[in-house]
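Participant: Both chains come to you apart, so use the hints to assemble them.
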Amino acid sequence: MSGMKFVPLVLKTVIRNRRRSLLTLGGVATAMLLFYAVQAMQQGVRDATGKTGDDTKLVVYRLDRYCPFTSNLPQDYASRIARVPGVKNVVPVKVVVSNCRTSLDVVTFRGVPPESFDRGAFSHVNIVDGSIEDWKRRSDAALLGERVAYRRGLKVGDRIDISGITILVAGILTSPEPQDQNSAYVHLDFLQRAGENQVGIVTQFDVTVTDPSLLQATAAAIDGEFRTDREPTATWSEKSFVARAASDVLEIVNFAGWLGWGCLFGVFALVFNAIVLSVQDRVRDHAIMQTLGYTNRLIATLIIAESTILSVAGGMIGIAAGVAVTSWGRFSLSVEGLSINIYAGLGTIALGLGLAAMTGILAGLVPARQASRRDIAACFRAV
Amino acid sequence: MAFIECRNLTRTYTKGSTTITPLDDLDLDIEEGSFTALMGPSGSGKTTLLNLVAGIDTPTSGSLVIGGVDIGRLSRAKLARWRGENIGYIFQLYNLVPVLTAYENVELPLLLHNLTRGERHKKVAAALELSGIADRHDHFPRQLSGGQEQRVAIARAIVTNPKIIVADEPTGDLDRNSAAEILSLLRRINVELGGTLLMVTHDPKTTQYAGRTLHLDKGKLLEKAPVAEAGSVALHELRPGGAACPE
Ligand SMILES: Nc1ncnc2c1ncn2[C@@H]1O[C@H](COP(=O)(O)OP(=O)(O)O)[C@@H](O)[C@H]1O
Ligand SMILES: [Mg+2]
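Protein sequences, first through last, are from chains A and B.
If you're matching positions, the first sequence starts at 1 in the working numbering and goes up one per residue.
If you're matching positions, the second sequence starts at 1001 in the working numbering and goes up one per residue.
Think of the hints as simulated: they come from the structure by calculation, not from any bench.
Quick list of in silico lysine to any residue cross-link-like pairs, SDA-like style, CA-CA up to 20 Å: (1) A:Lys-88 <-> A:Gln-75; (2) B:Lys-1078 <-> A:Arg-373; (3) B:Lys-1078 <-> A:Arg-297; (4) B:Lys-1078 <-> A:Ala-377; (5) B:Lys-1015 <-> A:Ala-378; (6) A:Lys-5 <-> B:Glu-1119; (7) A:Lys-5 <-> B:His-1113; (8) A:Lys-155 <-> A:Asp-105; (9) B:Lys-1220 <-> B:Thr-1014; (10) A:Lys-5 <-> B:Ala-1125; (11) B:Lys-1078 <-> A:Asp-375; (12) A:Lys-5 <-> B:Val-1099; (13) B:Lys-1015 <-> A:Arg-374; (14) A:Lys-12 <-> B:Glu-1104.
Chain B with its partners taken away, still in its complex shape (with noise of 0.2 Å):
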């Protein structure tokens, strides 16, 4: 079974008469610790998928099983611990809170699980440091480039060690310099922290560091490589001077 599972994967939205379906009787199986890409023109379903996989949404109908939880059936208030022990989100738009200093939006999640100020304070620091942003810990966001927010938010993401990391367009806004170096970021952390990472994209050369990538339009998964050859990359290709990844 795969560590992702949905099956009939389907989201309506009706607003008046009409009805939208972003998402379309979709299957699809991702492994642990991959590395998935998904492409696809505005308005095909990308976000509509990863806020399904996040738990920031519901299906309609079908269903999605994560680690063997299926996640369409939890409570409300279920589904928003399972969240926050499984999920770290990165939005294009950052999405810090702006009263909350760098450091405090990393310790944002954490509050939420039982751990002392200190523990804390080290798990935030470490983020931080991963993110390549601990001199910046005392700023607030809008004192913070693009590029800087953006790593700010992936220190979030990754502080609580989530099983899954979404990211939709975490480069969509950035110029290409902090792009490649958000991206390069994302990458390490997919490799030495082992999480199963997301990633909705435009730019066809991010694909090349994704074991995998999924094409979706109108809803649908338009190739469906098979399991054998697209499934995860051996870590050992996506390490730094690995073969996959030339830099």
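Pulled out of the complex, with its shape left as it was, chain A reads as follows (with noise of 0.2 Å):
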């Protein structure tokens, strides 16, 4: 007996029961939705600051200093980093956010000089439009990340004024970093030039090791080359730094995986209370299938059946408006010049659809067990 005959016997079911669907519908799609934000802001944690067996970049801080201002080292550590063994390149960065608070929509400047491009320091950044040509010939030219281009709306050739910071458009870039996507790149000079003249002062050094099993042995001697100055360094990993830098975005964010595996819980709630009241409304309507043959397995299938359409409809409704949310605003969270994507990808929504499906099925089970027990004459005498 093929088992796809009984489906458009539910889908009905579901769908002529309208106002208790929509309503199950609406809550389930609602909590899939956190579920999926919060999902993505996690999926932006690890991308950001998963480590991984070939990452070859390091960066160089002040030592005990936590964000872009208070982190000044001298411009001509570069040439002094460059000769520690192990060290690819060096590209000294001037660091300057737009806005100091965490936020959604940060642009963070990043000065650097405009021959590091020729250098390898930018091999993984691919130009979409405009170019680094273009980009080299102006001092207030500005290479963008695609996610600031597209949240800001700004195309080659726009002059705009960033909190003070006037620049030109000269080139999108795209790149895997999750760093690179929220920076606008412009010349070290002219960023140290704007607001307080701090000329030959950086905020860091973005290292490349020669080989990724070299990273930690690098970074300590680059810190020991520089123990006894006058500016000491604290040399990180790149994304051991996200993770430091980042640590109270990162508390809340893991704070709110739980409330995602809450949100999961509610759709369960509301699944299991949509199910049992309307098994409840429909005792009659079992009964009267079992007197016609219906087996108690059936029914029971069929309950479920129910449920498990209801959990995933709501939840391919949420995460749809989580993706379409996350990919229309492509919104990064900032914290001192650092970026946290919120995008999730194809796992995650797997992820969601999965667990919504077998919320549905654990929240049909107990009413359906309930159903396929119940005494059949009774059930005709209760009505």
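Facilitator: Printed below as a string of structure tokens:
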């Protein structure tokens, strides 16, 4: 006996109990939207801070400083860092953020020497519009990360003032690195002269090592080099650097993880309640079907199918809304000039739908069991 | 051996310390293709007997053998399948599924059978046609009158061509005209489809259509007409225009 012919029957029960189904779907969708949002933040955290075996990036910061305004290092450290064994290249970077608060739409200015693009430090970025040559030619030119450009609606040739710094968009770049996607790369001396004149001072050095296995040793060697200087350094792998700087946000995001599971529980309670009520409402219908020859097992299966359909459909709506919001907004959480993208990939979508389906099945089990154990003749007498 | 054989059939319900015995040590034979009317005061055990025969209730003791199958011994799942193949149940209050249209209600029992959509459609259409309700196939129960709902319920009961149709006061909730129509429909079905019809009724007039009338009181059969006299009436007597059914 093929089960497919019962699918229309279940769908009719869902669709024709319209008010109940819509309310349930609405609730499930809202909860799954929240679940997805939380998952998207956690995914962003993993992308920004998750270490992999082939990380080659180090960040050299001022020892005991935690924010771009207070980490001041002499730019001429660059040549000394370059001589440390294992270092492939060094880029002195000045970081200025458009907004000191934690916000979803922060532009992080990164001033770098124009020639750093020729030295392989940016081999992972891809210019999708405009060109590096145009950027090099003008001192106020900026290369925007795609997410910044998208959020602000900026194109090549646009001139814009962002918190007192006026730039001309010379190119748009894409990059697998969350930090590049949310940055505006400008000329180092342009940024040093903007605001207080701080020529010769940078925030940090971005270092690429020759081999991933040398990451820790090279970091130690760099810090050793400057230990007795007036401005000692603290060198981190880029991922740990983000994790340390954004630790407050990470705590919130991890806490939000619990909210995500709470949302799932909400879905369970909602669907459970809806199905329990509807099964109670339909005691007679189920007794009729049993009289017609439907087995307990079949009735139970139909009820579980119904609760699964409700929760998967609600999950699809909620997750679709979540995907729509995160891809239209391309939000990034920014702290101290570092960015955590709010975006979750196919894996999260699949996880959400899978969990919604599981929740639906679980929520249907108890009512299904109850419905299938009733005494048929007694059901007819009760009504 | 009769088609339906009840031997010492007893059903008791225990609620706390009180035990009710709606059906008490009943012996009854019903022939295949017969039309049996069941009468008796309220609470005399008519519905209980019907439910046992229909396999939606099980005997406390005694045996109930239908077509050679001791249905008291079937497992729940087997009994469900047996019902799907052998029983059409017509209720006093129709008991249609409210979210399904007339057509879908009639199709419901057919979903359990190994039929294609097209085959189901043919059977549903024929049952609706025979019940005289084909024009309302896309109406929901709430859009139908009582008599129309009962026609749909009858179509649902006959669509699988069951060997036994049980009807529990099928006209009890209808006005006189609708009741008469439903009654003649049931009689026609009994004749044309040849199934065994067991019907509870309070209307003495109904009994003239039935080949045999049983009276239940306090769970016991009052008079047990001899089989020779009151067995199934020959079909030709029931045909419209025949002697047994002046119309
Ligand atoms: N599930 C049950 N639990 C307790 N008592 C029952 C149950 N089903 C039927 N009865 C009792 O059995 C008796 C016969 O009921 P029923 O067969 O419905 O009578 P009738 O259909 O002739 O009016 C009634 O007294 C009724 O209350
Ligand atoms: Mg009754």
